[in-house]
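Participant: Chains as they are written, first to last, in this note's numbering: chain A, 1244 to 1551; chain B, 1244 to 1551; chain C, 1244 to 1551; chain D, 1244 to 1551.
It is worth saying that the hints were derived from the structure and are not from the lab.
One should not assume that every hint holds.
Only pairs whose alpha carbons sit at most 25 Å apart, straight line, appear in this in silico BS3-like list of lysine-lysine [what the hints assert, rightly or not]: (1) D:K1290 with D:K1261; (2) D:K1369 with B:K1549; (3) A:K1459 with D:K1419.
Number of protein chains: 4
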Amino acid sequence: MMINFRTDLADERRDIYKKANNIENEIEGIETEEEQIDEKIKIIRVKVLKDEAGQAIGKPKGNYITMDIKKINIITEEEIEKAANVLSQEIKKLVENKIQSKEDVLVVGLGNSDVTPDALGPNVVKNLEITRHIINYLPQYIDENARPVSAIAPGVLGTTGIETLEIIKGVVENIKPKLLIVIDALASRSIERISSTIQIADTGISPGAGVGNNRKEITENSLGIPVIAIGIPTVVELATLVSDGIDIFIDKLQEKAESNDYLNKLQQNDKYEEVKEALNVGEYNMIVTPKEIDSLIDNMKEIVAKRN
Amino acid sequence: MMINFRTDLADERRDIYKKANNIENEIEGIETEEEQIDEKIKIIRVKVLKDEAGQAIGKPKGNYITMDIKKINIITEEEIEKAANVLSQEIKKLVENKIQSKEDVLVVGLGNSDVTPDALGPNVVKNLEITRHIINYLPQYIDENARPVSAIAPGVLGTTGIETLEIIKGVVENIKPKLLIVIDALASRSIERISSTIQIADTGISPGAGVGNNRKEITENSLGIPVIAIGIPTVVELATLVSDGIDIFIDKLQEKAESNDYLNKLQQNDKYEEVKEALNVGEYNMIVTPKEIDSLIDNMKEIVAKRN
Amino acid sequence: MMINFRTDLADERRDIYKKANNIENEIEGIETEEEQIDEKIKIIRVKVLKDEAGQAIGKPKGNYITMDIKKINIITEEEIEKAANVLSQEIKKLVENKIQSKEDVLVVGLGNSDVTPDALGPNVVKNLEITRHIINYLPQYIDENARPVSAIAPGVLGTTGIETLEIIKGVVENIKPKLLIVIDALASRSIERISSTIQIADTGISPGAGVGNNRKEITENSLGIPVIAIGIPTVVELATLVSDGIDIFIDKLQEKAESNDYLNKLQQNDKYEEVKEALNVGEYNMIVTPKEIDSLIDNMKEIVAKRN
Amino acid sequence: MMINFRTDLADERRDIYKKANNIENEIEGIETEEEQIDEKIKIIRVKVLKDEAGQAIGKPKGNYITMDIKKINIITEEEIEKAANVLSQEIKKLVENKIQSKEDVLVVGLGNSDVTPDALGPNVVKNLEITRHIINYLPQYIDENARPVSAIAPGVLGTTGIETLEIIKGVVENIKPKLLIVIDALASRSIERISSTIQIADTGISPGAGVGNNRKEITENSLGIPVIAIGIPTVVELATLVSDGIDIFIDKLQEKAESNDYLNKLQQNDKYEEVKEALNVGEYNMIVTPKEIDSLIDNMKEIVAKRN
């Protein structure tokens, strides 16, 4: 069965696949590990070890680390600092697996800086500490062990007319970094995770993932250097939300033994397309975002930018 | 039966009340009139003539004019100009019903300028043509028949610590305008109407309306001068969307004679609260907004500000 | 002799008056005190004790505290914290001189939020911790000794059509605070002081001060409650800069005994008006601001908003 | 004699060179032509025909077209439209000299979008009509004669850590446009020209030009395709303004026969460095900008972006 996951999070995909296939323990070829850092922060590490497991959840082999932050809407300065440190450690481990201590890193902030839920990547890039030009032109002002870090926000196809990959490729070929870190806004399945979860993956960004925006892959395969992707959910598809709501609803009917054959059948299919049609969503791309998105993104930007 | 409408639009409330009470024609004490201006623009005029009708739909006696603009996401400069003119004519008629040609108008842009879906009021106010100070200090630079227009954006309780009504009252008492125009972001029931509908009401803004933000009324009653409210939907409650989705879904089951007693009963109740609970929406106020809200609001701001 | 000071800083005015009148020590009726807090921060306290002294420098009797921060363009997070604390102590002393510990304070951020060098007041107000509504509506969530603080950004005459004083008056009459704190962008005489100096005055804002923007006074006299003004220079008049440049230049000629009668005479007069004419500054109001104003204001906003 | 022009405008450089060398007519190898389009708009065409003339004014051989717009601070919508058309015609002529009608153009908006006087390039790019991706992916939605236009805003060295030229080179090599249009903020010598003059040059951007920001050249030489530069002055060096003020001042002394040998000598030298030192400009880069820069840039952005 081909599942349309409608989420970019490996963790959510694993859960959906398991539910759809009535798998109780772990999917063969996937290992998962949870670590509760403190009351607010939890780390989930999903390792996709086999290609078949990757095909099952539509994610290539590799490491997917999810950091959940509870109640990010009422986070304090100290908790932001803490979350930034935890994130920093996780990224550091992945980076040190791939390159040497003084090798060049290029950070790419994907997304459109004029669309609030899409602006996270460009905003993080603006707030990073950039060192490459200081090391090149003013080495006396910087610690001699500093890693050269550079950063760009290439914009989106709709405003540049250029595939993002083409821009990144051009820059990579010219400045020859040893590793790419890509920051992107994701779709998730649950509105609770909007701007309160961060996924780090050492696999880059793959085609076909995400919510149908048929972007080209940004991976070691297309660029020749390892790519670490940092993704934060900022949008949910409306039809996903309604579809989930109906699922919960049918569950309740069944609990009360009020269900019937038709409902049981429905439950087994993906009624997503029907819901989508029924909602008659008209002209827009029905992607929704919480009203508080401005301040949620502001908090998340700080966490990701503080130290990369 | 007490209905929770979860929309600020008189037009939507009338439809919900009619459906809930199986009323086929018009509600007693309400008159409605539709005018198709052109392919894109439609005007709906709802007149609430009797107090009982007003209680039924939870809106005081008065005029509620709704302007729907189709596909505002792909609107052209010319169509914006056209819509601005139509809106301007409708507002003018209401204003001229209330005050003389050279009497003072104060425009108030409600909302928080740092929260995208809430920033419409303050944004419109920034783009209005203000004349009061020119008439007072530099009368030689302005047409002698110009109406004195002033404008403020008072902010919101959460960032000022002051009830909006208190600020407006203070300004009204000091500069003594003859009429108030209040611009506000509304909640609607349908995501299709987000930032593509404008409601003008000559009744001001009443308590209890809207999505539970228990604001104080901004009306002739509280301020002593007539109040015209211009409202644009920019948010929808998530539970509303899901509840509507389930309604459509049950309808489909019934068409196929697959329904049962329990479903039939459910259909008659407002399952909104149940849905809300089932969704487990966590810490945020689950008010959603389309991803494109930045550009939708930009278009609407131009339409409302062009000529008031 | 009537001096046109072209600065809002009491400290600069005192220096200009002393130089113009060849006063070596202190002006009769003025007391000054300097305190070097640390390497970066210096406090200058100017007390105007007599009305004649006040007339001499064009500032009413009262306390004028100037905090200079060196090299604010390269300030660290820790230094911002430190400066915020020092400022906070100075403001606290003035406030506690005027009102009791739990009496209401209203903060007013003057200026136009859409003009970078004028946006400091509105920006500070957005970042303040507001307590009045929490004390009123949710007292259980706040320390019972908290002072009620509210805040507004009333805009400017050019965009509201309303004298700022009229708006403040209206709000003061309605919410009845016991003290007003007004935050404003000032003109200074020296471009070095742009956004690196803060002046606190317990005299409010007086008419005739500043660079000819004939605003009405915002003082205890006009409002009935004490007014503390916090002002930060963000602009310099171009003609002031050139006039100062010519002064320095003539000084150099005189050192080399290359001066002549005409130059000596010039030196004694205020050649400001001549310079202004000679520069032929055309249509704009020739007020200049450093290119880095965006980031300078950002740093200053943090210092003033951190704790008020 | 080596002149430090401190302006990027060919027109101003020609005047400075002529004055410094007491040339009454035209510099050998330069041709100039003026056209008064209407009351507000004037075009000045400076052709540098010989290498020696180019060396004299520090600008390579080529065409420099300056469009002056009077009183841009009070410009109307119609005048913006008119200016945009005139500009568009001039650019079109240069473009059609270089490439065929359907050949690719890449527009590059230089500058830092977070520094108001530097943000013109990125702002224009955001408002351009981009066609390349529509022609590639949705050709049915666009006129078949449309020229493919793409655009990027590469950021600045200080925030990316990458030389702008390296980014542009990478993109050019990957998408292979036939012509580059570069939009940049310039320094001018006169504050009157801030954001009211546009210079178009078919020579690209050369090293050493501008105010000492030692950028690398962005020219046909470095990129292999023709480069048209559109530049708008948004900053003036403070020392330039003061130096000019002193010049005017000495002229006045000489008129009154109050000058002396020393002054006469000074007049012949460039006293810029002395002035710079005397002003003791401290830590910042003393580049100033008018207070109204936000709205000036807004008007200019519209003119340049309307049609390119």
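Participant: Now look at each hint and say whether the structure bears it out.
Facilitator: Now for the hints, and whether the structure bears them out:
For the given pair, K1290 of chain D sits about 15 Å from K1261 of chain D by alpha-carbon distance, which is consistent with the 25 Å threshold. A distance of roughly 23 Å separates the Cα atoms of K1369 of chain D and K1549 of chain B; the hinted pair therefore holds under the 25 Å criterion. The hinted pair formed by K1459 of chain A and K1419 of chain D meets the criterion: a straight-line CA distance of about 19 Å does not exceed 25 Å.
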